[in-house]
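Could you put the whole structure together from the sequences, leaning on the hints where they help?
Taken in sequence, the protein lines are chains Z and F. In terms of our numbering, the first sequence is residues 1 to 273. In terms of our numbering, the second sequence is residues 274 to 546.
Be a bit skeptical, because a hint or two may be false.
To be verified - Footprint (simulated), chain Z over chain F, 3 or more residues, beta carbon under 8 Å:
no., segment
1, 308 to 316
2, 391 to 404
3, 426 to 432
4, 436 to 444
5, 518 to 531
To be clear, the hints were calculated from the coordinates, so they are not data collected in a lab. Cβ atoms here follow ideal geometry from the backbone N, Cα and C, with glycine treated the same way.
So you can see what is in the structure, the chains are spelled out below.
2 protein chains.
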Amino acid sequence: MKRKTQSKPIGIFDSGVGGLTVLKEVLKQLPNENIIYFGDTARVPYGSKSVETIRRFALQDSAFLKSMDVKMIVVACNTVSSNAMNLLRENFDVPFVDVLLPNAMYASQVTRKNRIGVIGTPATVESGAYSRIIKKFNPQHKVFSEATPLLVPLAEEGLIESEATEIILKNYLSRLLLKDIDALILGCTHYPLFEKKIKEIAGSEVHVVNSARQTARTVKSMLEDSNMLNCANKKGDVRFFLSDIPRNFKKIAQRFLKQNIAGKVTRIDIESY
Amino acid sequence: MKRKTQSKPIGIFDSGVGGLTVLKEVLKQLPNENIIYFGDTARVPYGSKSVETIRRFALQDSAFLKSMDVKMIVVACNTVSSNAMNLLRENFDVPFVDVLLPNAMYASQVTRKNRIGVIGTPATVESGAYSRIIKKFNPQHKVFSEATPLLVPLAEEGLIESEATEIILKNYLSRLLLKDIDALILGCTHYPLFEKKIKEIAGSEVHVVNSARQTARTVKSMLEDSNMLNCANKKGDVRFFLSDIPRNFKKIAQRFLKQNIAGKVTRIDIESY
Numbered sequence: 001m002k003r004k005t006q007s008k009p010i011g012i013f014d015s016g017v018g019g020l021t022v023l024k025e026v027l028k029q030l031p032n033e034n035i036i037y038f039g040d041t042a043r044v045p046y047g048s049k050s051v052e053t054i055r056r057f058a059l060q061d062s063a064f065l066k067s068m069d070v071k072m073i074v075v076a077c078n079t080v081s082s083n084a085m086n087l088l089r090e091n092f093d094v095p096f097v098d099v100l101l102p103n104a105m106y107a108s109q110v111t112r113k114n115r116i117g118v119i120g121t122p123a124t125v126e127s128g129a130y131s132r133i134i135k136k137f138n139p140q141h142k143v144f145s146e147a148t149p150l151l152v153p154l155a156e157e158g159l160i161e162s163e164a165t166e167i168i169l170k171n172y173l174s175r176l177l178l179k180d181i182d183a184l185i186l187g188c189t190h191y192p193l194f195e196k197k198i199k200e201i202a203g204s205e206v207h208v209v210n211s212a213r214q215t216a217r218t219v220k221s222m223l224e225d226s227n228m229l230n231c232a233n234k235k236g237d238v239r240f241f242l243s244d245i246p247r248n249f250k251k252i253a254q255r256f257l258k259q260n261i262a263g264k265v266t267r268i269d270i271e272s273y
Numbered sequence: 274m275k276r277k278t279q280s281k282p283i284g285i286f287d288s289g290v291g292g293l294t295v296l297k298e299v300l301k302q303l304p305n306e307n308i309i310y311f312g313d314t315a316r317v318p319y320g321s322k323s324v325e326t327i328r329r330f331a332l333q334d335s336a337f338l339k340s341m342d343v344k345m346i347v348v349a350c351n352t353v354s355s356n357a358m359n360l361l362r363e364n365f366d367v368p369f370v371d372v373l374l375p376n377a378m379y380a381s382q383v384t385r386k387n388r389i390g391v392i393g394t395p396a397t398v399e400s401g402a403y404s405r406i407i408k409k410f411n412p413q414h415k416v417f418s419e420a421t422p423l424l425v426p427l428a429e430e431g432l433i434e435s436e437a438t439e440i441i442l443k444n445y446l447s448r449l450l451l452k453d454i455d456a457l458i459l460g461c462t463h464y465p466l467f468e469k470k471i472k473e474i475a476g477s478e479v480h481v482v483n484s485a486r487q488t489a490r491t492v493k494s495m496l497e498d499s500n501m502l503n504c505a506n507k508k509g510d511v512r513f514f515l516s517d518i519p520r521n522f523k524k525i526a527q528r529f530l531k532q533n534i535a536g537k538v539t540r541i542d543i544e545s546y
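Next up, the structure:
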């Protein structure tokens, strides 16, 4: 019985391709696991949409992964993590890992000044979820947030090092840096692509917290603790499902995952879940 | 019988809020018409998605408007106009106006050098639809296209006059301007917001073709020719339907339509059409 659960796949979903940064870290830390990745590329982005719509989409995304008999669902999307986790945990009988808690925990460990910055989509920032969780860890922590909606399209266009991106990043970060923060959470799975540039602008005093790495660590510990690790002595199988195969998908997957997965992708109709 | 048709509303749809620039022009030219606007804000943007998905969405959008008993459907979206018009005309028994034809026609009238530029979303540009239509008008016309995917998020963020936007616009336009064009089609309903800046960069030699105005003129002529104009002696009624009420909707509507419509909007579930 236990054995059966262990060999089941881990489900990972995101509003689109950003979650591939999380998948990449999970693959690195847990190479034996079977994984099913779902990206809701037909309805991306979630971050500017209403809470009601984000929740409806999150239920459908989880229902699809549940139908694939996964042993755990990783919500590799900060927007869903900030707006729908209670709802998902109530509706599905499977353990969930979100990207919020691992990031928040890590940031509150590394800060010395008790001043933490968060950048994310409008939905993530407006939810106030990071601030609430961080203050539960330590009520003395101060959290400063900034919505940075252009970073997702800039990442998907591959404008990582361009002059325009640098101007936009400096503009987004300037107010946070004035607050004398010493930890900065990249509260969106697209943002690790800008990690180098953000570190340059923020300076060496500021710990930049990359969500993908912390989330993968949490997945590993939770599977270990509940004896659900896949002990098969071979490389796991990874399958990709998308609600749309976007026209620049090949390039984007290459940029986020550093591998070509164009041939391994199945399109599904997420609206039917 | 005729009378009844005349008082029916005109349906206008877009992937999101960009089509409000078309609505604004229709209201100006045809103030007596009743109008139903649908924006697919839950699934916006269309421009980076696959042709298959764009077509599926366009069928649902038209089915919703048809269910509202409209006398005409205006496809205020260049991505749909470039990828799905034949399919829509086959499936629905109602006259359609797209944004492509009026733009293409106008550009081929104003060019003296027979060299026309087009900017649009990746889906619009890759479809080659502008080029095909313009060459039908005049096989000697040369058409040069450039995908400009960041302009939609920049418009929605209100970054119209910013330094970063100017860099991105100059970068997008530089290759087209080297081609010695003298007409430039703004092939996306968001782009009229950048008209002033684009005219500055392109210089006074280049006619910039604003899709909204030409499309509204076509709507008017088609209704006149088929005796379907609403002759009621009062201001028409405008109703707004969206698949999501996005968090920055009030600001965006203000920016596109120059009026506050937040209280007049109904959310519908487009996936059920």
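We went through each hint and held it up to the structure:
1. 308 to 316: holds (count 3)
2. 391 to 404: holds (count 3)
3. 426 to 432: holds (count 5)
4. 436 to 444: With 6 residues closer than 8 Å to chain Z, the segment 436 to 444 of chain F meets the three-residue bar; holds.
5. 518 to 531: holds (count 4)
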